[in-house]
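First residue of the sequence shown: 1, per the UniProt record's numbering; consecutive thereafter.
Please note that a few of the clues may not be correct.
[To be verified] Under the rule of at most 27 Å between Cα atoms (straight-line distance), these lysine-lysine pairs were calculated in the DSS-like manner: (1) 19 / 108; (2) 108 / 129; (3) 118 / 108.
[Said to hold, decoys possible] Cβ pair distances, simulated, as ranges: (4) 57 / 116: 15 to 23 Å; (5) 75 / 132: 19 to 27 Å; (6) 87 / 27: 24 to 32 Å; (7) 84 / 131: 28 to 36 Å; (8) 115 / 43: 30 to 38 Å.
Rather than coming from a laboratory, the hints here were simulated on the basis of the structure.
Yeah, the Cβ is synthetic: ideal placement off N, Cα and C, and Gly gets one too.
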Amino acid sequence: ESDSGGGGGKSSESSIRHKIVVMGAAKVGKSAIINQFLYSTFSPKYKRTVEEMHHGDFNVSGIQLTLDILDTSGSYEFPAMRDLSIKSADAFVLVYDVNDSNTFLEVKTLRAQILSTKGAVPIVVVGNKIDLVETEQEVSFGSNKVIIS
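Full structure from sequences and hints, please.
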């Protein structure tokens with residue numbers, strides 16, 4: 001009964017921790033999105049990620065929220081790591097490059113894999129690199145709606 005932390009238990013009762021896994025093909029901007037979100041930084045240089053864990057602490061309506069954000073590899077070299085990432089996540093951010101339709105197909109595949117492994121789980125789909133030349137855009141906003149519904 002004293003597991004609530006004593007002293008009213010305010011700190012333990014009002015803190016939440018979630019693991020978010022960011023997935024998508026290589027070079028779609030997963031790391032850039034995480035760095036912009038957590039650290040307000042952007043580097044145009046590409047650096048290959050194998051797997052990297054980031055942590056962000058937020059106060060949301062008086063509740064202390066800690067997000068453990070896993071930046072995953074976009075390559076297929078690490079299927080065991082990918083499977084473990086899916087099994088351990090509370091939610092997912094799936095990223096594709098709007099200028100490369102193959103990366104959108106990868107998101108559809110990942111979404112199917114996640115749903116078959118986890119069942120109903122929060123998934124956010126992000127179309128990235130929208131700031132690049134519009135003539136290069138291969139995936140329309142309408143296509144994105146199809147995957148979500």
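Cross-check of the supplied hints:
For a cut-off of 27 Å, the pair hint linking residue 19 to residue 108 stands: about 21 Å separates their Cα positions. At most 27 Å may separate the alpha-carbon atoms for a hinted pair to count; residue 108 and residue 129 meet this at roughly 18 Å. Proposed proximity of residue 118 and residue 108 is supported: the alpha carbons are some 15 Å apart, at most 27 Å. The beta-carbon spacing between residue 57 and residue 116, approximately 33 Å, falls outside the hinted interval of 15 to 23 Å.
Residue 75 and residue 132 have their C-beta atoms about 22 Å apart, which keeps the hinted 19 to 27 Å range intact. For residue 87 and residue 27, the hinted distance range of 24 to 32 Å is satisfied, since their beta carbons lie about 25 Å from each other. Checked against the hint of 28 to 36 Å, the C-beta distance between residue 84 and residue 131 comes to roughly 33 Å, which is consistent with it. At about 33 Å, the beta-carbon gap between residue 115 and residue 43 stays in the expected band of 30 to 38 Å.
In this structure, only the earlier hint numbered 4 is contradicted, and the remaining ones agree with it.
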